[in-house]
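K.L.:
Letter by letter, the chains look like this.
There are 2 protein chains.
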Amino acid sequence: MEVQLRKAQKEDCPRLLELVKELAEYEKAPKEVTVSIGEFESAGFGENPVWEAYVAEIGGQVVGMALYYIRYSTWKGRRLYLEDIIVTEKHRGQGLGKLLFDKVLNISKEKGYSGMVWQVLDWNEPAINFYKKYNTTIEDGWLNASISHN
Amino acid sequence: MEVQLRKAQKEDCPRLLELVKELAEYEKAPKEVTVSIGEFESAGFGENPVWEAYVAEIGGQVVGMALYYIRYSTWKGRRLYLEDIIVTEKHRGQGLGKLLFDKVLNISKEKGYSGMVWQVLDWNEPAINFYKKYNTTIEDGWLNASISHN
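Residue numbers (the working numbering), protein chains in the order written: chain A, 6 to 155; chain B, 6 to 155.
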């Protein structure tokens, strides 16, 4: 099994959104994905792009992705925010998540950011155990607040 | 008491960092503020600025600030992330926080984002009660994870 990691291109967007929806089902919230393909593409590849991503390919098929953007901490400065790391169900347990995670961690270092940050659901033990193999700080006590404009 | 809200300028950065440090003391983590004034200024006013802020002024003195940036949700698209909203102790209880919050909420709508998001500490009841006056969704169950590169 040969895995290729490469930067995501505009043409990958429909497949990336499929993977996003697959993760949303795993997180028990499939209806929460309301972003349109147009907004997704323009935010990644239009003027002033917001996000970047890497994809994992096997035999020309995209089977995993890691999507990230810059976050600004007034305590720590610029940090890489890892929004999503997703491997399609059929290819889990083959180390692809780790390949993607390590890639993004390296990008964060190379860009000179002060660190990499992300969120994990408190019941997602496999993920938490994976992150603990790194020098990861996991913090509770914060609530996510949001106001929707729709 | 006349309050002026205006966009933050580069010259405001030293004062903004003072306010950041004041909030860090309130959150019981004063030593966590390690960002330098150079990094802070260049992230706000250099090439490819990451953050923007509004300040509240009384008699030419900056007494409050709200700092935000774009966050990308693969579920909801572009959203405004409110990183900090800070009013100096002497001027709390005068409605300045609400002025700043409403300003940033309006910016988020005007920019066409799908919503505004932020985090709040679970023990910070005054803040939570304030947010609940809006149509705010407050979600627990997420842990903040980070790897520092220093």
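Simulated from the structure, these hints should not be mistaken for laboratory data.
One should not assume that every hint holds.
Identical copies look the same in the list; a pair holds intra-copy or inter-copy alike.
Stated by the list, open to error - Result set (DSS-like, lysine-lysine): computed pairs, CA atoms no more than 25 Å apart in a straight line: (1) Lys-138 x Lys-15; (2) Lys-33 x Lys-114; (3) Lys-33 x Lys-15; (4) Lys-114 x Lys-36; (5) Lys-36 x Lys-103; (6) Lys-15 x Lys-137; (7) Lys-116 x Lys-33; (8) Lys-12 x Lys-33; (9) Lys-138 x Lys-26; (10) Lys-15 x Lys-116; (11) Lys-116 x Lys-95.
K.L.:
Compare the structure with each hint and give your call.
P.N.:
Consistency of the hints with the structure:
{"no.": "1", "hint": "Lys-138 x Lys-15", "verdict": "neither (33 Å within a copy, 41 Å between copies)"}
{"no.": "2", "hint": "Lys-33 x Lys-114", "verdict": "neither (33 Å within a copy, 28 Å between copies)"}
{"no.": "3", "hint": "Lys-33 x Lys-15", "verdict": "neither (28 Å within a copy, 44 Å between copies)"}
{"no.": "4", "hint": "Lys-114 x Lys-36", "verdict": "between (35 Å within a copy, 23 Å between copies)"}
{"no.": "5", "hint": "Lys-36 x Lys-103", "verdict": "neither (28 Å within a copy, 32 Å between copies)"}
{"no.": "6", "hint": "Lys-15 x Lys-137", "verdict": "neither (33 Å within a copy, 39 Å between copies)"}
{"no.": "7", "hint": "Lys-116 x Lys-33", "verdict": "neither (34 Å within a copy, 30 Å between copies)"}
{"no.": "8", "hint": "Lys-12 x Lys-33", "verdict": "neither (28 Å within a copy, 40 Å between copies)"}
{"no.": "9", "hint": "Lys-138 x Lys-26", "verdict": "neither (27 Å within a copy, 32 Å between copies)"}
{"no.": "10", "hint": "Lys-15 x Lys-116", "verdict": "both (22 Å within a copy, 23 Å between copies)"}
{"no.": "11", "hint": "Lys-116 x Lys-95", "verdict": "neither (33 Å within a copy, 39 Å between copies)"}
Against the hints set out earlier in the document, violations occur for numbers 1, 2, 3, 5, 6, 7, 8, 9, 11.
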